[in-house]
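Below are the chains, spelled out letter by letter.
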Amino acid sequence: MSAEAEVSARTQAARQHAAAGAPRGFVRKYIFSTDHKVIGIQYYALALAAVLVGVVLSIFMRLHLAWPALHLPFVSGGVMTPEQYEALLTMHGTIMVFFVLTTAPQGAFGNYFLPIQIGAPDMAFPRLNMLSFWITLVSFLCMISAFFVPGGAPLSGWTAYAPLSALGQVTGPGEGLGQTIWLVSIGVFCIAMLLGALNFISTTIDMRAPGMSLFRMPLTVWAWFVTAILSLLSFAVLLAAVVMLLLDRTAGTSFFVPAATVVSEQLQRHSGGSPLLWEHLFWFFGHPEVYIAILPGMGVTSHLLSTFSRKPVFGYKAMVWAICAIGLLGFLVWGHHMFVSGMSPYSAFAFSLLTLSIGVPSAIKTFNWLGTIWGGKLQFTTAMLFALGFVSIFVTGGLSGLFLAQPAVDSMLHATYYVVAHFHLIMGVAALFGIFAATYFWFPKMFGRMMNERLGKLHFWCTFVGAYLIFFPMHFVGLAGGIRRYADFTAVDYLWRLQPLQRFITWAAFATAAAQIFFLWNFFWSLRRGEKAPRNPWRATTLEWITASPPPHDNFAGNYPRVYRGPYEFSVPGTAEDFLMQDVPTGPEKGARE
Amino acid sequence: MLAVALTGLVGAAVYFFVWGKWGPPAAITPVGKEVDRQYQLTLAITGAIFILAQLGLAFAVLRYRGSGRGAHYSHGNNKLEFLWTFATTVIFLGLGLLGYKAWGAVRLTPASPGAIPIEVTTSQFVYNFRYTGPDGRFGMTDPKLISPSTGNPLGLDPNDPAGRDDIVVPTLTVPVGREIDLLIRSQDVIHSVFVRELRLQQDAVPGLTVPLHFTADKIGTYDIVCTQLCGLGHSRMHSYLNVVSESDYESFLKRQEQLLRQAGGR
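Taken in sequence, the protein lines are chains Z and H.
Those letters in the first sequence? Residues 1 to 594, by our numbering.
Those letters in the second sequence? Residues 1 to 266, by our numbering.
Excised from the complex, chain H in its bound form (with noise of 0.2 Å):
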């Protein structure tokens, strides 16, 4: 009877994962789509390991139930010891040195120059996100400043001219094609920056400014989550990633600065 639970474990494993209707939205970036590729080759290794040990474990359940013969004394087969332990070992640390390209493509390699860089700003339990404003700059932020309820998340300094243009918006915009350089930072503790669709995940540290670059290459509206416990509000922390086009990102950025004027700066 374990043998048949263990093949029918088997078929459902193998169907549900092969043909399952769950599984993430299609990558967005050339990175995303090469871990995909490694998360097939596991899913194709590991499959294959699964499907001989649970069939291995229902055949010699079947066949070797107590009968009989007698059982066959033997202690082993160091033969046999050394070849499963090489081959083990290849394979699984050949597949960890596949799945280096995927994770030094981002964390390896700083952002390009051109890269647009943005700033992330997690707190309990919002997402702020600045750019720089036409300058270029950010502006220097001070905690002491920090007042989310008067309208300065941040802490903004008013007498620093660089923070003058900066743009500050709940949700994240970027023109599609164009390399991204978030920098993820956190006000209080532990949070973090999730987007399915660009196979990145990054813990906002307080204390540190963690570097995270992306391009997306599809035009649309993707969900950010906090990944990491952060409180009561930790199911609700969320936000959007909206890939617009290049004169869409431009819009957005012109729109944002004629607020801010009518707001009469900072």
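With the rest of the complex left out, here is chain Z (with noise of 0.2 Å):
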């Protein structure tokens, strides 16, 4: 048939694959399967487990800042020693951006709903993409086994600068087989996310729907396009990093380690290396990351916004033009973690004004998001509720980083609490925030029952205040000179009277963790008795709510769409619906499908 010639050969091939029958059996189903549907939701089974251990060293964390003599069940000794709260600290931060924030916005949903979004029957390479999260779980249980192996987690912090983390054993406890695990989780981890990358490039390129153009496809699908082409190329370049840092640690190598180190008055054997190196090879993966983890968030904000303001995208074209130009310059901006760090201060200057520069487009969605809304007919449901909290944290958490951009200024700010504030709010509040307001739109769509919206606005008043009240004082820690990473503040007079501040912040995030327990209760509590979903429950128009909630095996049950028009025609005069699904055929005047 015409249709079949206008999609290309793979698709043709994984149509007619998926076309032979779902796999049988509970194994082939739900276990090792290469449904990318199931591995969206093993990959978010894996996040929510990893969440739930982040949240809980961060708890223990906070226990100890607030009150550094408490008594700790499940800390060996009682009272949490400066070593352990380091090691907590480094897995805190390991275990929250590698297995919470790059594996849910992208792994759980971009898996999920790419393929479906591009009207296609499966990603390009299912078992490839099936090897991928078994991986990520290898990689994710390796770097739990940290804590249990002798010497304990290492406690290099998430960064891992060398020489702490090159020398072994010698320079802290957990620097021994608990820092070489870590490397090896984390390169395995590296495996994972190029697997993936592949995955998720060539299944954008290659199997789109007919009709369904560059310029067609949902801000979601960009945002995950994009974000795979950072993965692909920084978390080559970390790969490469971990195993040099592993050489050197094993094999007599010394990538990182310079001549005349001593440590505790043992001369090490090392010699010619650059610690530098590390930092630069680290961030130059590193700033990518962040990126990797607030990329699709700002995709599916994009998303709702439109959806329950009944409105196009502001700006759709500058919206895309934007996370390109995120993601290019999300290369070129590294040094800014490296200003103190002693690499050269004319370097220090570009990488300034290319910080300022990545404002820009980072601005311009904010403008965007802001002209979607405005004008529209806002619908107050929970996933709209995160969407605009996401705006909110955004703009917050991003003029912060105007400061640091600057050297001058970055000068007082490097290294203390004011740098923590920025990226929690960055990363662990609103990117957060694109992933419950993503559950709240599309846990109807995957699981085929509704979320309880009282249960879920709950949620969202408590994490969106919790939030503010937890990351906000801490510019003003950071302002005062508190130096993040501290252990406690017992040993300076200085740090020691800003413990009312930190008290507070211990406070808040009690509240705010335990009312995470709302979102718990509702997600699971839905998967079971939730009202049953329909189709297009929230009215929408892109290729996901054409189908079954949730979707048959291959997505479309054989009725492949073909896509007429963009994705975020709502409100079109002269409809009798206010929104026009991407593969209704004919034009304005014959409305949309129910």
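Honestly, the hints are just simulated from the structure, not real lab data.
A few of these clues could be false.
In silico SDA-like links for lysine to any residue, alpha-carbon gap of 25 Å or less [said to hold, decoys possible]: (1) Z/317 with H/19; (2) Z/457 with H/5; (3) H/21 with Z/317; (4) H/254 with H/134; (5) Z/532 with Z/447; (6) H/79 with H/33; (7) H/79 with H/59; (8) Z/457 with H/21; (9) Z/317 with H/72; (10) H/33 with Z/344; (11) H/144 with Z/272; (12) Z/457 with Z/16; (13) Z/317 with H/73.
Reconstruct the complex from the two isolated chains, following the hints.
See the structure below:
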């Protein structure tokens, strides 16, 4: 048929394969499944487990900071030692950044919805997709095992700067086997991410349904696509860096350790290496990584603001260019983590200007989000509240970046709680809001049931207010000179005087963490007892809403869509309904499908 | 309700940033004051953007909550896009260019020839400050001789006469109004030197000697803290910058030389 000839050979083959029927048996269907929808849910489950671990670690950290002499359960010895604190801090950052913020937005929602939103039966490489998930799970289990080996988890932070991380046990507890395991886990994670990125990129380029041109793709697809390109290029560098560091630790190389290094009066055997090389390699990965964490959330926000304002996205093309600009510029700004590192001060100035430039596409996105809801007809569903919350938090967290982007000002704010406030607002809150918004929005499609809206709104309010109560005061701790990664503030007078702020933050953190029970309860209860979801409960326009909730194995029950218009045709003048789905063939006067 | 929350947020933010009592202590160098001016400028600009954006969001949420009339069908406004892209670029890059002076004065300008060189050597978890002594030269060090437990934390070579008068102390004493050139080094892992009142921070990297110059204009004692995670003692790695009068500085040097002589030199 002519329709078939319009899709690529790969898509044709995928459609034929899917037509052969869904796999049978519990293991093929739910455990070792190549179905992108199952894999997406598996990533979500992994991220959920990881975030629970990460939050528990942070609660222990906050408890110790607020009351340093407190006896804590599960802490060997009762009172937390500095090395235990630094180990918790390292694992908290690592688990949250890698296993929550890099898996949930891209691995869970991207996997689930990218093929459907472009009208494809599955990802380009389903078996590779399955492998990506299982390798990620192995990486996570490996990471967790670092807690249980002799010496415990490493204490060098998620940034693992050398030589602290390169010399082994001699630099501190946990720096022996714990650090090696950490590095192996991260290396394995890189491989999983590279495989996943290949899948996303190939699928987006090759498997779009007829009529789905690049500029008719939903902004969520654009975000996942650009994020995958960033992953491919940045995780490759991290993998190389991790291998080099492992070699320094085990094979006698000296990539990152210079001569004349003396630790505890022991002259180390290394020579010729550069600690700054690790920093450059790590941050060359590390900065794109934070855009990997936030771009999908930006895509979801654009998508939801449009849907729940019943209005097209304001400046769709500008939004696409902004996503691409953020992606590209994201590779050119890594040095802003290194202004006081000892690198060339001239390069610091260059990195500063580039970093300030990346504020421009971010600002464009923010203006366009406001433009999208301006003149709209707003529906305050829980998903919409989280999308609106995303905008507020992104503005706050992004603006503090303007201070840090200037090296002179950074000289007083670097490594203080100001930075901790900045990245937690952007990553810990905004990116998380993107995940929550996506969950509330797509839960009906994924599980065929509605979540409870009242519980959802309660969850939103507790989290939105709580997050601001936790992280806004941190700016002031930082401005006063409160140093990050300190196990406690008892050794320095001026730091101890900030304890009231620290205690306030700790109480706010408890309350906000506790409020997440509303989400967990809602999620698990609704899986079983939620009201049955219709095909298109939000009256949205993109292709996932034309199919059943949840979708069949091949996504469209053999009726692959053809696309006739862009993704955000809401309130088109002259139509009967206030939305026009992408696959409806005729003009506005024929109206939309129910 | 969201509109109320956002307005409350703006109110609290303005109050705490403008009148809040938590902030850095006063700067004690001319460059530090320049940094503060740049900070205030940035605060004014970001503050204005923050207020406009959050209140804009609050207004939109209030005004356009769904009821009655339908949404306005529009794909955007190119003129507006160009306008706010251009404005944002000018403001952000302008801010960066204005901050050049404060950075360049310290980092892109070498210390003047008369600056007092003081070597800062960091190790887990202490600071050691070395003065040249009367001969004006630092003695050779050898990593194999490093032995804090026997009183030679820097590994000074006893065979080098230039090192015999080197003063090694755990706190930093400098004369007010004189330029100091810190030479920052590390023996083991990456540490850092941060003095809030100087508005200066610099990592101490093994294998590098990084210069950092300043001129303090106020007598007092200021905290030096380590800001780069360096191991389990990171939170306790702490020293003091003592800015003293010229005569007190001379007394300090004389006292240290006297102690060296009493200890029999090296």
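Failing hints, ascending? 1, 3, 6, 8, 12
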